Each structure stands twice: as structure tokens, then as C-alpha cells.
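Each chain, letter by letter, is given below.
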Amino acid sequence: MSKIIKKVLIYLVLITYLIFTLLPLYWNFITSFKTAVELSNIPPTLFPLNPTLYFYIDLFYMRHFMELIRNSVIVSLGNAILSTLIGTILGYGISRMITSEQSKSIATILVILARMFPPLIMVIPYYIILNAIGLINTWFGLITVYLTFGIPFATWTMKGFFDEFPSQIEEAAFIDGCSKFDTFFRITLPILLPSIFVVFIFTFLYSWNEFLYALILTTTYDSQTLTIGVFATVSKWEIAWSKIAAAGIISATPVLFFFILIRKYLARGITFGVIKG
Amino acid sequence: MSKELYQKIFFLSPFFLLMLLVIFPLFYSIYISFFKGFLESFCGLENYFYLFQDPRFISTIKVTLTFTIITVTSQTLIGLLLAFVLLQPEVKNKSFWQTIFLLPLVIPPIVAGVMFKILYHPSFGPFSYLSMIKISPPLWLEDPNLAIISVSLINNWMWTPFTFLIFYTGMRAIPHEIIESANLDGASGLDILTKIIFPYIKTLILIAILFRSIDNLIAFDEIMGSTAGGPAFATTTFAIYIYKLAFKSWDLGYASAASVILFIITTTIAIILIKLTYFRR
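Chains W and S, in that order, give the protein sequences.
Under this note's numbering, residues 1 to 277 are what the first sequence spells out, in order.
Under this note's numbering, residues 278 to 558 are what the second sequence spells out, in order.
I should point out that these hints are in silico values taken from the structure, not numbers from a laboratory.
Being a predicted model, the structure only gives us computed values, none of them experimental.
Heads up, some of the hints might be wrong.
Claimed, not checked - A few chain W positions that, by computed beta-carbon distances, are all more than 10 Å from chain S:
hint	residue
1	Y17
2	L53
3	Y61
4	E67
5	G78
6	L135
7	T138
8	P166
9	I169
10	E171
11	F197
To be verified - With the Cβ distance kept under 8 Å, some of the chain S side facing chain W (calculated, not the full set):
hint	residue
12	L298
13	L358
14	V368
15	L380
As the list claims (entries may be wrong) - No more than 20 Å apart at the CA atoms, straight line, and that leaves these computed lysine-lysine pairs for PhoX-like:
hint	chain 1	residue 1	chain 2	residue 2
16	S	K285	W	K104
17	S	K552	S	K479
18	S	K313	S	K521
19	S	K371	W	K6
20	S	K371	W	K3
21	W	K264	S	K369
22	W	K3	S	K521
23	W	K264	S	K371
24	S	K313	S	K525
25	S	K371	W	K7
26	S	K339	S	K521
27	S	K369	W	K7
28	S	K369	W	K6
29	W	K104	S	K552
Idealized CB from N, CA, C, for every residue including glycine.
Whole structure, please, built from the sequences with the hints as guidance.
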């Protein structure tokens with residue numbers, strides 16, 4: 001008897017939370033397919049009766065919207081490539097090149113601290129600096145600022161991967177006469193390629209989702225990212241809710257695709273070294 | 278020997294790039310905070326003195342603390358509950374539940390804010406069903422007393438998965454036999470939770486609380502996406518206030534002073550957090 005009660009309670013908790021998690025996504029999804037007439041239905045329909053792609057097509061026909069997607073792809077790719085590259089090199093440096101334990105700790109702590117700086121303290125000076133050197137409203141400017149969270153994340157995560165990498169393999173290569181450079185590029189990197197890919201996806205995700213820096217450092221259609229586009233739809237078309245929903249769905253779709261790719265590594269990616277796994 | 282040095286320079290020079298990218302703006306921010314407007318006239322610590330007499334700043338602190346306390350508490354408790362429930366041997370397909378629960382972590386926070394704005398809508402959101410039984414749907418984002426709860430709920434939706442994941446991973450590391458033998462001895466679920474699991478993961482709980490506090494003290498995206506700080510100032514947190522000071526009223530010096538204070542608070546928490554995590558192993 002108590003076994004049954006326990007099972008009921010367990011599934012009650014799990015299903016309640018499942019609904020809480022999926023409801024906002026589902027509601028946004030169905031809203032994006034509803035016509036204006038259907039949207040004014042009371043009570044609202046649980047499935048769109050006459051699903052329409054009108055709002056998606058409308059968004060894609062707006063020249064600016066395609067530009068926002070392009071900007072997001074370029075900035076996210078640019079930052080992911082640079083952060084992963086720099087983070088891999090520095091992660092290896094901290095893991096293998098620093099011999100004293102104490103300086104190793106200090107370097108690691110500084111890297112984590114850099115990640116924990118609130119973006120708000122950096123956005124004002126960066127706004128002034130980018131303005132002064134003419135990099136405001138440019139992809140390159142935004143990519144550079146995104147490095148402030150991309151490099152610490154990539155470095156920390158790669159350092160973890162290098163720490164776990166058996167040093168015997170590298171030592172065997174040294175004995176065979178390989179230099180440290182050769183060992184790094186020819187032996188360690190190829191073996192760790194899947195891990196490097198995970199870091200790449202995460203830095204891409206972080207850049208794709210970023211909002212505050214983009215809001216302040218980009219104001220033209222040539223440079224704004226998709227998150228700003230979604231935000232702007234809310235203030236611009238307060239009435240066209242289906243269109244707002246469609247914009248949200250478009251910007252969340254690539255992220256959901258990546259989520260499936262990296263779900264096993266999620267613990268490692270988001271907890272930033274709190275736990276291993 | 279010199280080859281060794283070249284290698285060191287190659288692998289460690291990015292460190293100085295990172296420090297340049299982060300430290301320079303930080304010091305520049307502190308420098309700006311000693312001036313009126315944008316470097317108009319030097320005013321020493323005046324901005325800081327004004328800040329603590331600014332009634333709006335004080336109300337911002339209250340809103341931020343309320344928001345942080347609500348979100349961190351609920352995320353810790355619900356995260357613990359979910360992890361504990363999912364740990365039970367009765368649950369089949371654990372990885373299915375885990376995957377679904379983690380989904381909100383990758384959704385852009387600004388999109389989460391907009392999604393909830395649609396969900397909270399009194400005429401086409403699901404709460405409009407209430408009007409069928411003659412209850413008017415709550416004005417989640419328009420009611421000044423309710424709005425802070427509503428934005429906290431968005432933050433909970435986004436970040437409870439984070440605490441859940443930490444606790445779940447921690448609980449799974451507890452040796453199986455310990456819980457099983459307690460089960461055989463007839464210990465209740467509550468006993469197992471408080472006497473066996475809790476001591477095992479109490480550091481993790483503290484880490485999760487600190488982590489969430491740092492992030493939620495600077496919450497910005499989901500609030501901008503849903504209420505943008507309103508109605509009036511009901512959900513204007515620290516971050517929203519600094520944003521408005523700097524980029525709506527263009528008082529960069531004053532905004533910098535506020536951001537330096539925010540920086541001191543979060544960095545203090547971060548240092549405690551690093552002590553706990555990095556020196557744990």
C-alpha cells in the first residue's frame with residue numbers, strides 16, 4: 001500500500017515539474033501558429049485550429065530579420081572559434097607549463113574570477129572604448145567583448161580535460177624525441193578533439209544567447225544579434241503576439257538542436273567546475 | 278633551454294590577453310566613477326555618497342534582495358526535491374526526465390522572458406481559463422505586488438535545472454549500499470534525506486546557493502524581456518537600474534559607481550565560492 005502511495009507521489013512531483021518546464025515552450029510554440037482571430041478566442045485553444053506559417057514567412061521576408069540571424073551566426077562562430085583556440089592553448093599552458101603548484105592555483109583562480117565578473121561593470125567601459133576606437137556596431141567589437149566570458153570558460157574546461165589526460169602518453173612521445181609543440185599538436189590535440197568540440201559548442205551557445213553586451217554595443221541592423229531582434233519585437237509590435245512568439249521560436253531552435261548534441265556534457269558546461277562529470 | 282622558454286611564452290601569453298580584456302575595463306570603470314557624467318568634472322567619492330542617499334537606489338536594493346532571496350531559496354529547495362525524487366529506484370527512464378528538466382538551461386534568457394510574457398497574458402495565456410469559472414486571471418506582470426513573484430518564477434524556470442543537476446550528481450555519488458542498508462533497517466525517506474544524504478552534499482548545497490546568489494544578484498535578461506523593470510519600479514533590480522542610469526539617463530559616472538558596488542558584492546561571494554570549490558579536492 002505505502003509502496004503505491006510512494007510511487008504516486010514520485011510521479012506527481014515529476015509530472016508537475018515536467019508540465020512547468022514544457023508549458024512556456026509549448027504555449028509559445030502554439031501561439032506562433034495562431035491567426036489574430038484565433039488569438040482573441042476566449043477561452044484560448046490548446047491546439048491551433050487553423051495553423052498558419054504567416055508570421056514565420058513574414059519575419060523571413062523582412063530583410064532586417066535575416067540580417068540579425070546572419071550577425072548572430074557570425075558573432076557566435078567568431079567567438080566560439082577564437083575562445084576555443086585561445087582557451088585550448090592557455091588550458092594546456094596552465095595544466096602542463098606551470099610547475100609550481102601555487103602559481104598554478106593563482107592562475108586558475110584568476111581565470112575563474114574573470115568569468116564571475118558581472119558583465120555590467122564591463123559594459124560601460126567597453127561602450128566608451130569601442131566608441132573611441134570605432135569598433136562600436138561591428139562584429140569584431142562584439143566578438144572581442146564576448147572573449148571576456150568565452151576565454152575563461154574554454155580555458156577552465158580545457159584545463160580540466162588536460163588534467164585528466166594521462167601524462168604517460170606525452171612522456172612516451174618525449175622519450176621518442178618529440179618536442180612539446182609536436183606532442184601537443186600531433187598527439188594530445190587529436191585525441192582530445194571531441195572534448196574541444198564540446199567546448200566549441202558551449203561557447204557558441206553562450207554567445208548565441210548573450211543579450212546585455214549586444215543590447216548596448218550594437219544598435220544598427222548591420223551588427224545587432226537575434227536576441228536583440230526578439231527583444232525589439234516586443235516593444236515594436238506589442239499587438240502582434242504571434243509574430244513575437246515566432247521570433248522567440250526561431251532564436252531558440254538552433255539552441256535546442258545543440259542541446260541534444262551535448263546533453264551528456266551539460267553538467268560540465270554549465271556548472272563551470274563545481275562538479276566533475 | 279631557450280626553446281623551453283619559447284614554449285612557455287606560446288602557451289601562457291593568452292593569460293595576459295585575458296587579463297587585459299578584463300582588468301583594464303574594470304579599472305577604467307572605477308576611474309569613471311570618480312567623475313560626474315562622462316568624465317566631465319572630477320568629484321571624488323561624491324557619486325558613492327549620493328548613491329546611498331538616493332531613495333531609488335535604496336528601493337532597488339530592496340527589490341534585488343527580495344528577488345535573490347525568493348529565487349535562491351526556491352531553486353535550492355525545489356532542486357533538492359527533484360534530485361531526491363529522481364534518485365528513487367522506482368523511477369524508470371531517469372535520463373529521459375533529466376534531459377527534459379535540463380532543457381530551460383539552453384534557452385536564451387531574453388527569450389525565456391518573452392515566453393513567460395506570452396504565458397502570463399490575461400487574454401490568450403492559459404490563465405485565461407480561469408475566466409470560465411468567473412475568476413479574473415491574475416495580472417502577473419501588471420500588478421506591482423505580483424510582478425516580483427512573476428519575474429522570480431521566470432528565473433526559477435531557467436535556473437532550478439542548474440541546482441537540480443548539481444544535487445542530482447552529488448547524490449548519485451553517495452555509495453549505494455549506505456542508502457540501501459538504511460532502507461532495510463526501515464528508515465523513512467525523510468530520515469534518509471536528513472541523516473544520510475544531507476551531510477554528504479552540504480558543501481554542494483552551499484556552493485549552489487553561492488553560485489545562484491552571484492547570478493541572480495545581477496539578473497537582467499529575463500526581467501528586460503518581461504517587465505523591463507516595471508510596473509513603475511516594482512521589478513527594477515540593481516542591474517536594470519544601472520542599465521537605465523547609464524544608457525537612458527547617460528549618467529555614466531553615477532552608473533559606474535553603482536556597478537563598482539555591485540562588483541564588490543559579487544566578487545566577495547565569488548572568492549568564498551572559489552575557496553569552497555577549488556580547494557575542496
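Now for the hints, and whether the structure bears them out:
1. The Cβ of W:Y17 sits about 6 Å from the closest Cβ of chain S, inside the 10 Å cut-off, so the non-interface label is violated.
2. With a minimum CB-CB distance of about 18 Å to chain S, W:L53 clears the 10 Å threshold, and the non-interface call stands.
3. Interface exclusion of W:Y61 from chain S stands, the closest Cβ pair being 21 Å apart, more than 10 Å.
4. For W:E67, the shortest C-beta to C-beta distance to chain S comes to about 18 Å, beyond the 10 Å cut-off, and the non-interface label holds.
5. Against the 10 Å criterion, W:G78 stays outside the reach of chain S, whose nearest CB is about 15 Å from its own CB.
6. Non-interface status of W:L135 relative to chain S is upheld: no Cβ of that chain comes within 10 Å, the nearest being about 13 Å off.
7. For W:T138, the shortest C-beta to C-beta distance to chain S comes to about 16 Å, beyond the 10 Å cut-off, and the non-interface label holds.
8. With 10 Å as the threshold on Cβ separation, the claim that W:P166 sits away from chain S holds: the shortest Cβ distance comes to roughly 18 Å.
9. With a closest Cβ-Cβ approach of about 18 Å to chain S, W:I169 is found to remain outside the 10 Å limit, as its non-interface label requires.
10. With a cut of 10 Å on Cβ distances, W:E171 stays outside the contact zone with chain S, its closest approach being about 16 Å.
11. The beta carbon of W:F197 is kept farther than 10 Å from every beta carbon of chain S, the shortest such distance being approximately 16 Å.
12. Satisfaction of the interface hint for S:L298 is found here, the shortest Cβ-Cβ separation to chain W being roughly 5 Å, below the 8 Å cut-off.
13. Given the 8 Å rule on beta carbons, the hint for S:L358 holds: about 7 Å separates it from the nearest Cβ of chain W.
14. Because the closest C-beta pair between S:V368 and chain W is about 6 Å apart, less than 8 Å, the hint holds.
15. Checking S:L380 against chain W by beta carbon gives a least distance of about 6 Å; that is within 8 Å, so the hint holds.
16. For the proposed pair S:K285 and W:K104, the alpha carbon gap of about 13 Å is at most 20 Å, so the pair holds.
17. A distance of roughly 15 Å separates the Cα atoms of S:K552 and S:K479; the hinted pair therefore holds under the 20 Å criterion.
18. Taken as a hint, the S:K313 and S:K521 pair is honoured in the structure, with Cα atoms around 16 Å apart against an allowance of 20 Å.
19. For the hint linking S:K371 to W:K6, the alpha-carbon distance of about 17 Å falls within 20 Å, and the restraint holds.
20. With a C-alpha separation of about 19 Å, the suggested pair S:K371 and W:K3 falls inside the 20 Å cut-off, and the hint holds.
21. Straight-line distance between C-alpha atoms of W:K264 and S:K369 comes to about 18 Å, which keeps the hinted pair within the 20 Å bound.
22. For a cut-off of 20 Å, the pair hint linking W:K3 to S:K521 is broken: about 55 Å separates their Cα positions.
23. A C-alpha spacing of about 13 Å is found between W:K264 and S:K371, which places the hinted pair at or below 20 Å, so the restraint holds.
24. For the suggested pair S:K313 and S:K525, the alpha carbons sit about 16 Å apart, so the restraint of at most 20 Å is met.
25. Using a Cα cut-off of 20 Å, the hinted pair S:K371 and W:K7 holds, with the two alpha carbons roughly 14 Å apart.
26. A hinted pair counts as satisfied when its Cα atoms are at most 20 Å apart, and S:K339 with S:K521 qualifies at roughly 17 Å.
27. Proximity of S:K369 to W:K7 is assessed by CA-CA distance (about 11 Å); at most 20 Å being required, the pair is judged to hold.
28. Proximity of S:K369 to W:K6 is assessed by CA-CA distance (about 14 Å); at most 20 Å being required, the pair is judged to hold.
29. A threshold of 20 Å between alpha carbons decides the hint, and for W:K104 with S:K552 the separation of about 15 Å falls inside it, so the pair holds.
Consistency note: the structure conflicts with the earlier hints numbered 1 and 22.
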